[in-house]
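*Asks:* One letter stands for each residue in the lines below.
There are 2 protein chains.
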Amino acid sequence: MIVVKKIAEMTAAVKEMKAKGLTIGFVPTMGFLHEGHLSLVKECRRSAAVVVASIFVNPLQFGPKEDFRQYPRDLEKDARLLEREKVDYLFAPDDLEMYPEGYKTTVEVRDLEDRLCGRSRPGHFKGVATVVLKLFNIIQPDMAFFGQKDAQQALILQKMVQDLDLDVKIRIMPIIREQDGLAMSSRNIYLSEKERRAAPILAESLKEARLMFEAGERRPAEIIGRMRDLIMREPLATLDYVEIVDLDELNPVAAIGGDVLVAVAVYIGRTRLIDNIILKAKGN
Amino acid sequence: MIVVKKIAEMTAAVKEMKAKGLTIGFVPTMGFLHEGHLSLVKECRRSAAVVVASIFVNPLQFGPKEDFRQYPRDLEKDARLLEREKVDYLFAPDDLEMYPEGYKTTVEVRDLEDRLCGRSRPGHFKGVATVVLKLFNIIQPDMAFFGQKDAQQALILQKMVQDLDLDVKIRIMPIIREQDGLAMSSRNIYLSEKERRAAPILAESLKEARLMFEAGERRPAEIIGRMRDLIMREPLATLDYVEIVDLDELNPVAAIGGDVLVAVAVYIGRTRLIDNIILKAKGN
Numbered sequence: 001m002i003v004v005k006k007i008a009e010m011t012a013a014v015k016e017m018k019a020k021g022l023t024i025g026f027v028p029t030m031g032f033l034h035e036g037h038l039s040l041v042k043e044c045r046r047s048a049a050v051v052v053a054s055i056f057v058n059p060l061q062f063g064p065k066e067d068f069r070q071y072p073r074d075l076e077k078d079a080r081l082l083e084r085e086k087v088d089y090l091f092a093p094d095d096l097e098m099y100p101e102g103y104k105t106t107v108e109v110r111d112l113e114d115r116l117c118g119r120s121r122p123g124h125f126k127g128v129a130t131v132v133l134k135l136f137n138i139i140q141p142d143m144a145f146f147g148q149k150d151a152q153q154a155l156i157l158q159k160m161v162q163d164l165d166l167d168v169k170i171r172i173m174p175i176i177r178e179q180d181g182l183a184m185s186s187r188n189i190y191l192s193e194k195e196r197r198a199a200p201i202l203a204e205s206l207k208e209a210r211l212m213f214e215a216g217e218r219r220p221a222e223i224i225g226r227m228r229d230l231i232m233r234e235p236l237a238t239l240d241y242v243e244i245v246d247l248d249e250l251n252p253v254a255a256i257g258g259d260v261l262v263a264v265a266v267y268i269g270r271t272r273l274i275d276n277i278i279l280k281a282k283g284n
Numbered sequence: 001m002i003v004v005k006k007i008a009e010m011t012a013a014v015k016e017m018k019a020k021g022l023t024i025g026f027v028p029t030m031g032f033l034h035e036g037h038l039s040l041v042k043e044c045r046r047s048a049a050v051v052v053a054s055i056f057v058n059p060l061q062f063g064p065k066e067d068f069r070q071y072p073r074d075l076e077k078d079a080r081l082l083e084r085e086k087v088d089y090l091f092a093p094d095d096l097e098m099y100p101e102g103y104k105t106t107v108e109v110r111d112l113e114d115r116l117c118g119r120s121r122p123g124h125f126k127g128v129a130t131v132v133l134k135l136f137n138i139i140q141p142d143m144a145f146f147g148q149k150d151a152q153q154a155l156i157l158q159k160m161v162q163d164l165d166l167d168v169k170i171r172i173m174p175i176i177r178e179q180d181g182l183a184m185s186s187r188n189i190y191l192s193e194k195e196r197r198a199a200p201i202l203a204e205s206l207k208e209a210r211l212m213f214e215a216g217e218r219r220p221a222e223i224i225g226r227m228r229d230l231i232m233r234e235p236l237a238t239l240d241y242v243e244i245v246d247l248d249e250l251n252p253v254a255a256i257g258g259d260v261l262v263a264v265a266v267y268i269g270r271t272r273l274i275d276n277i278i279l280k281a282k283g284n
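Sequence order for the protein chains is C and Y.
Heads up: the first sequence begins at 1 in the numbering used here, then just goes up one per residue.
Heads up: the second sequence begins at 1 in the numbering used here, then just goes up one per residue.
It should be emphasised that the hints constitute simulated quantities derived from the structure, not laboratory data.
Where is the CB? At the ideal position from N, CA and C, for every residue including glycine.
Be careful, since some hints might not be right.
What follows is a list of derived Cβ distance ranges for each label pair [as the list claims (entries may be wrong)]: (1) C/Arg270 to Y/Leu22: 48 to 58 Å; (2) C/Lys77 to Y/Ile278: 44 to 54 Å; (3) C/Arg69 to Y/Arg177: 49 to 59 Å; (4) C/Ala12 to Y/Arg46: 50 to 60 Å; (5) C/Ala12 to Y/Pro235: 51 to 61 Å.
Please model the entire structure based on the sequences and the hints provided.
*Replies:* Here it is in structure tokens:
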């Protein structure tokens with residue numbers, strides 16, 4: 001595995017691969033890798049001739065009061081994990097390489113970026129879209145892999161790719177969970193032992209939503225109400241949102257007709273966790 | 001010359017050219033072509049193996065009270081002119097091809113887009129940056145040609161290309177003028193005969209600026225003052241702005257030390273015209 005720190009070096013390598021007609025698969029990450037990330041890398045390895053992973057904790061997607069500084073980093077361990085998965089290139093630029101002094105350009109995906117997590121994290125998805133566009137331009141992947149855990153991010157990036165006529169296929173891979181259901185996240189490291197025991201409440205509330213749906217419930221308010229009750233019964237949990245939205249515009253649905261996203265964000269202590277499921281209407 | 005209306009058709013053609021290793025030169029326009037546009041096309045023809053020109057009157061860069069509907073269009077004549085210049089592909093999509101229903105994504109180049117014309121035309125440069133990014137993604141040019149007449153646009157696009165790590169060389173070509181100095185513009189067609197006779201006042205005021213500079217004047221206020229006086233003496237002219245700004249941030253300069261842009265925007269009757277010169281400090 002070749003570790004690349006400079007954009008110019010990465011684009012030169014990409015040019016060579018392109019000249020050889022090799023398909024490039026890309027897994028962008030913020031590092032501190034877990035099995036969720038590695039599932040993306042494995043699928044990428046199966047799908048593309050060349051696998052490029054990136055590790056970059058993107059300052060542009062953190063709010064001023066968020067955890068950019070504390071965000072966990074372990075480049076050496078990450079590099080070992082990626083090498084084991086036969087990644088060809090690890091692109092790991094520093095902040096100034098990506099955003100030199102006088103940097104000015106941002107991308108936004110209107111409406112979609114203001115919903116769900118966008119309400120609690122203003123500017124977050126603008127930062128995500130911008131860094132992913134930059135990475136796409138540098139790596140020029142044929143396909144790029146993202147996790148379903150960040151459902152809104154996935155939808156926004158798919159919309160950006162479509163709107164900006166980018167020639168990259170976005171592939172969304174299922175959420176990977178701990179044995180007790182907790183969705184894997186680099187931020188789980190923030191949890192105290194007690195908080196860790198409380199954290200599966202997100203997954204449990206979603207499981208309850210699925211059970212209700214399978215029993216025929218189609219009224220979002222009923223499902224959301226039950227989920228809220230469950231979450232609020234957990235003393236360490238503070239609800240940010242529970243929503244049931246359509247998959248195109250992320251607007252709350254009045255009734256569950258087609259496929260919907262059930263998305264939940266909860267503070268466990270001071271750590272904000274997210275999780276989601278998609279409920280598929282019959283016939284899909 | 002092959003005329004292409006659909007994005008998918010254009011990207012397929014681009015893929016073939018790329019596979020052959022051909023360099024692609026690109027001239028994006030809004031059509032109603034004049035000698036200014038054709039000077040870009042000629043330079044592109046000299047520089048690239050394949051020349052792609054586009055004609056698209058971009059609704060996103062017009063304000064709600066601006067001239068999107070009236071903007072002059074003559075695709076047949078334009079196609080003849082481009083064919084004469086040995087253009088290989090004319091990409092001429094319609095509005096819905098570029099911005100289908102539900103389109104949401106925009107690009108902005110902070111600060112630069114708010115200055116000069118950006119103040120009179122809020123949202124204009126966001127529209128320009130967005131459409132040019134889309135066109136770059138579709139055409140994937142090695143080089144793209146723009147006119148110095150739209151000096152702020154040129155700087156914004158250069159900044160966007162740099163910030164977003166796009167692999168395209170932006171080339172800026174000199175302003176082409178009528179015999180009496182009026183900078184060529186598709187919008188000159190709006191001018192009545194009387195207005196047309198008044199319109200060279202922009203170029204004349206810039207000529208005066210250059211004379212003062214060459215005589216040693218380095219105080220922007222003095223130069224701007226003289227230009228304003230000249231323009232205000234023309235009864236059909238209404239000043240929008242005269243500014244002397246640096247070439248990096250487009251900020252007004254306190255004294256002319258390095259290279260500066262002298263930019264002017266004037267309404268002649270109801271038609272808004274722009275023009276500019278660059279004053280080069282000694283030793284450049």
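*Asks:* Hint compliance check: list the failing hint numbers for this structure, sorted ascending.
*Replies:* Violated hint (a single one): 4; every other hint is consistent with the structure.
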